[in-house]
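In order, the protein sequence lines correspond to chains A and B. Per the working numbering, the first sequence runs over residues 102 to 505. Per the working numbering, the second sequence runs over residues 102 to 505.
It is possible that some hints are incorrect.
Intra- or inter-copy, both count: the list cannot distinguish identical chains.
[Unchecked claim] Straight-line alpha carbon distances no greater than 30 Å define the calculated DSBU-like cross-link-like pairs of lysine-lysine that follow:
id, residue 1, residue 2
1, Lys402, Lys502
2, Lys103, Lys277
3, Lys288, Lys348
4, Lys502, Lys372
5, Lys459, Lys402
6, Lys119, Lys288
7, Lys348, Lys502
If you're looking for bench data, these hints aren't it; they were derived computationally from the structure.
Number of protein chains: 2
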Amino acid sequence: MKDDYGQLISSLAQANDKKIVMLVLDGLGDTDNDGQGTALQMARTPNMDQLAQKSALGMAHPVFPDITLGSGPGHIGLFGYDPVIYRIGRGVLSALGLDFNLRKEDVAARLNFCTLDYEGEVTDRRAGRISSEKNHELLEKIKKNLSINDDLEVFLETESEHRALLVLRGKDLDDKVGDTDPQQTGKKPLDPTRSPYYGSKTAKITRDIFDQVREILKDESPANMVLSRGFAQLPDWPSFHERYKLKPAAVAGYPMYCGIARLLGMEVFSKPKSPADIISETVKAMKEYDFVFTHFKDPDKTGENGDLQEKIKALEAMDEALPELTSNLPDVLIITGDHSTPAPLGAHSWHPVPILLKAPAIRGPFLESFDEITALRGELGMISSKEIMTLAMAHAGKLAKFGA
Amino acid sequence: MKDDYGQLISSLAQANDKKIVMLVLDGLGDTDNDGQGTALQMARTPNMDQLAQKSALGMAHPVFPDITLGSGPGHIGLFGYDPVIYRIGRGVLSALGLDFNLRKEDVAARLNFCTLDYEGEVTDRRAGRISSEKNHELLEKIKKNLSINDDLEVFLETESEHRALLVLRGKDLDDKVGDTDPQQTGKKPLDPTRSPYYGSKTAKITRDIFDQVREILKDESPANMVLSRGFAQLPDWPSFHERYKLKPAAVAGYPMYCGIARLLGMEVFSKPKSPADIISETVKAMKEYDFVFTHFKDPDKTGENGDLQEKIKALEAMDEALPELTSNLPDVLIITGDHSTPAPLGAHSWHPVPILLKAPAIRGPFLESFDEITALRGELGMISSKEIMTLAMAHAGKLAKFGA
Numbered sequence: 102m103k104d105d106y107g108q109l110i111s112s113l114a115q116a117n118d119k120k121i122v123m124l125v126l127d128g129l130g131d132t133d134n135d136g137q138g139t140a141l142q143m144a145r146t147p148n149m150d151q152l153a154q155k156s157a158l159g160m161a162h163p164v165f166p167d168i169t170l171g172s173g174p175g176h177i178g179l180f181g182y183d184p185v186i187y188r189i190g191r192g193v194l195s196a197l198g199l200d201f202n203l204r205k206e207d208v209a210a211r212l213n214f215c216t217l218d219y220e221g222e223v224t225d226r227r228a229g230r231i232s233s234e235k236n237h238e239l240l241e242k243i244k245k246n247l248s249i250n251d252d253l254e255v256f257l258e259t260e261s262e263h264r265a266l267l268v269l270r271g272k273d274l275d276d277k278v279g280d281t282d283p284q285q286t287g288k289k290p291l292d293p294t295r296s297p298y299y300g301s302k303t304a305k306i307t308r309d310i311f312d313q314v315r316e317i318l319k320d321e322s323p324a325n326m327v328l329s330r331g332f333a334q335l336p337d338w339p340s341f342h343e344r345y346k347l348k349p350a351a352v353a354g355y356p357m358y359c360g361i362a363r364l365l366g367m368e369v370f371s372k373p374k375s376p377a378d379i380i381s382e383t384v385k386a387m388k389e390y391d392f393v394f395t396h397f398k399d400p401d402k403t404g405e406n407g408d409l410q411e412k413i414k415a416l417e418a419m420d421e422a423l424p425e426l427t428s429n430l431p432d433v434l435i436i437t438g439d440h441s442t443p444a445p446l447g448a449h450s451w452h453p454v455p456i457l458l459k460a461p462a463i464r465g466p467f468l469e470s471f472d473e474i475t476a477l478r479g480e481l482g483m484i485s486s487k488e489i490m491t492l493a494m495a496h497a498g499k500l501a502k503f504g505a
Numbered sequence: 102m103k104d105d106y107g108q109l110i111s112s113l114a115q116a117n118d119k120k121i122v123m124l125v126l127d128g129l130g131d132t133d134n135d136g137q138g139t140a141l142q143m144a145r146t147p148n149m150d151q152l153a154q155k156s157a158l159g160m161a162h163p164v165f166p167d168i169t170l171g172s173g174p175g176h177i178g179l180f181g182y183d184p185v186i187y188r189i190g191r192g193v194l195s196a197l198g199l200d201f202n203l204r205k206e207d208v209a210a211r212l213n214f215c216t217l218d219y220e221g222e223v224t225d226r227r228a229g230r231i232s233s234e235k236n237h238e239l240l241e242k243i244k245k246n247l248s249i250n251d252d253l254e255v256f257l258e259t260e261s262e263h264r265a266l267l268v269l270r271g272k273d274l275d276d277k278v279g280d281t282d283p284q285q286t287g288k289k290p291l292d293p294t295r296s297p298y299y300g301s302k303t304a305k306i307t308r309d310i311f312d313q314v315r316e317i318l319k320d321e322s323p324a325n326m327v328l329s330r331g332f333a334q335l336p337d338w339p340s341f342h343e344r345y346k347l348k349p350a351a352v353a354g355y356p357m358y359c360g361i362a363r364l365l366g367m368e369v370f371s372k373p374k375s376p377a378d379i380i381s382e383t384v385k386a387m388k389e390y391d392f393v394f395t396h397f398k399d400p401d402k403t404g405e406n407g408d409l410q411e412k413i414k415a416l417e418a419m420d421e422a423l424p425e426l427t428s429n430l431p432d433v434l435i436i437t438g439d440h441s442t443p444a445p446l447g448a449h450s451w452h453p454v455p456i457l458l459k460a461p462a463i464r465g466p467f468l469e470s471f472d473e474i475t476a477l478r479g480e481l482g483m484i485s486s487k488e489i490m491t492l493a494m495a496h497a498g499k500l501a502k503f504g505a
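With the rest of the complex left out, here is chain A (with noise of 0.2 Å):
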């Protein structure tokens, strides 16, 4: 797909010596808890609701008003690059969540450890589960059995329970390589180099290794093989100074959010995780950077477990540390988040994240308190999470006018 709009904000975009702060509470945006309300409403955050009334509110959808996106996405899209067009691959995802420093001529898949039985059909696609521990250990047990050419290299890393990571590096690798998930038990793992991948170079390396896999683990229960989706290679995507003319940095505690923050070319400034120390370092990184990405994971987490008052503690957690940054104001600042994670749901949703812009050029309606209810009366209305960033961009006065 063609990136139109990006192409147009690029040819707008121009620097000045303005500052962004884009503030993510991950996860940010719930249900209502049996009348009592949102997360963010029960929440005593006076210092976001003092904000909220010299801001303009509004709320966004992540993409369409009922696509829900992992995190991954979601921050594609808040950094303003469409996350339908621009999307990663499953196997790029897992090396940035591991923080494993992929190449650009890498090519990363995830793997499964899954059970097959006499026959070679999948009983169980996750293996029962298997601990991060046995992971680890059969890990061990396949690279040191494994034999391959000299001019390869062979990565594999324990994600957590049945899951892990493969990278491939070596020379002309390519992603056209199938998936063997089957996606459904009773059926034998596909091959890898199968129509229309029988051309690749890596689909059959891929079989070879499988098929060696298959041999080292003959003789293990319950995980006695693997299943692999998703072989990606790093994208080749504008960065933020392409784009924007931006010189950026991430304050993000977490590998992937570190690792999207990187693809895009932003510096990762520091990796904190308490609300005040990140707060602190997002203060910091303002004095060097024209736009700082600052990710406050503990929204998603609690909502994610649905813990209604541990979400709830997160974000009053957060209005605390935030006076540091409300007293050292950038030219623009917004808080948001990357998708809603309500705690009466125990999952990320569709539903749109509330959106607080304090900038100049502000219109009103000047309103109470930051929560998804009040936002909905803003003065931006309902846009997508993509436009955040170009909103930031207008209200800093980083987009020439489009025609005369």
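Start from chain A and add chain B according to the hints.
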């Protein structure tokens, strides 16, 4: 880019005897003024407010939530043509703005007088913003001394200060001519025949003309050369009649708006400038035409000047003239803007514009006044400017049902 939406509309458009008036308050839409509200909120506009109480209100993004539009694309959008697809070259816009009668075979470009140093490098891209009189005098000198072939005509017109219009008229001309403006000082003017323009006959003609201009102006100071931008020909777009089956007229006092109206096949009915004349000419035009585009420039002009009080006065003056139209109501009346020009910014901006739609088939809620904050709660929600025209068509019964 393909215009699927436009084709759909065209396939559904049907003529009837209903009348539509689109009153464009240029630059309508402001930001907040120190908590006192926007210009439209501050202005006393009892007639618009009374109309609003019986109308559908809403907000429109001129294109995207974050892009600041020029008046050219702003109007293209209001007329229902996607301004990202339907682009007018800079040269054509300049010609329209000067009321130059551009023909199909002509090529137009925008010129800026500039200053070159003894090495031929640009030291001032605007030649110290010379006066319009000096500009005129230099163009006369060029015309007098320029030697061109018999089959070519060259038109040179003063725009204002350092700005001028160049039009070439002849056979087989094209617009594949490189801009000579290097966009920064310390560089030489660019060669209009450089790749990918080297095959263009018009690029060669242009180079020859600019070589002569340099010789003609060599003893002048500070304006001793011209730089060119935006070579363009009249676009060949579907007319209002083709797209909407309408017989359209324009009541617009300024050349550029008349020019865009003509581009889309509208008759320029008259060119009044005072609010009272604008409204009474509109009422007259309604008798003969089933679509009237009425343009009022003052809110934009005063907004660009950063003059809040004058902007308020302009809005109040139009409101005072309105009863002649409200007592001769067309079937559908739209009042909106082409883009916001907030007085606090003194420039066009990206903020959405309020829409008032007085028509049959209104749903409610019925709100108290016409302004940016109130319209945010209106039934139309937040739409795109290019949908306003077709919304008017729908309310006028001029769009057939899609599918059975």
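(request) Give the relationship of Lys348 and Lys502 under a CA distance limit of 30 Å: within one copy only, between copies only, both, or neither. (result) For Lys348 and Lys502, only the intra-copy Cα distance (22 Å) is at most 30 Å; the inter-copy one is 32 Å.
(message) I want to check one pair: Lys402 and Lys502. Are their C-alpha atoms no more than 30 Å apart within a copy, between two copies, both, or neither?
(response) between (41 Å within a copy, 17 Å between copies)
(message) For Lys459 and Lys402, with the copy left unspecified, which applies at a CA distance of at most 30 Å: within, between, both, or neither?
(response) Both: 26 Å inside a chain and 28 Å across chains, each within 30 Å.
(request) Using 30 Å as the alpha carbon limit, work out where Lys119 and Lys288 are close: within a copy, between copies, both or neither. (result) between (58 Å within a copy, 28 Å between copies)
(message) Checking an output row: Lys103 and Lys277, CA cutoff 30 Å. Within, between, both or neither?
(response) both (22 Å within a copy, 24 Å between copies)
(request) Have a look at Lys288 and Lys348 and pick one of within, between, both or neither, based on CA distance no larger than 30 Å. (result) between (50 Å within a copy, 26 Å between copies)
(message) Within, between, both or neither: how does the pair Lys502, Lys372 come out at a Cα-Cα threshold of 30 Å?
(response) between (37 Å within a copy, 27 Å between copies)
Hint check: no violations occur; every hint is consistent with the structure.
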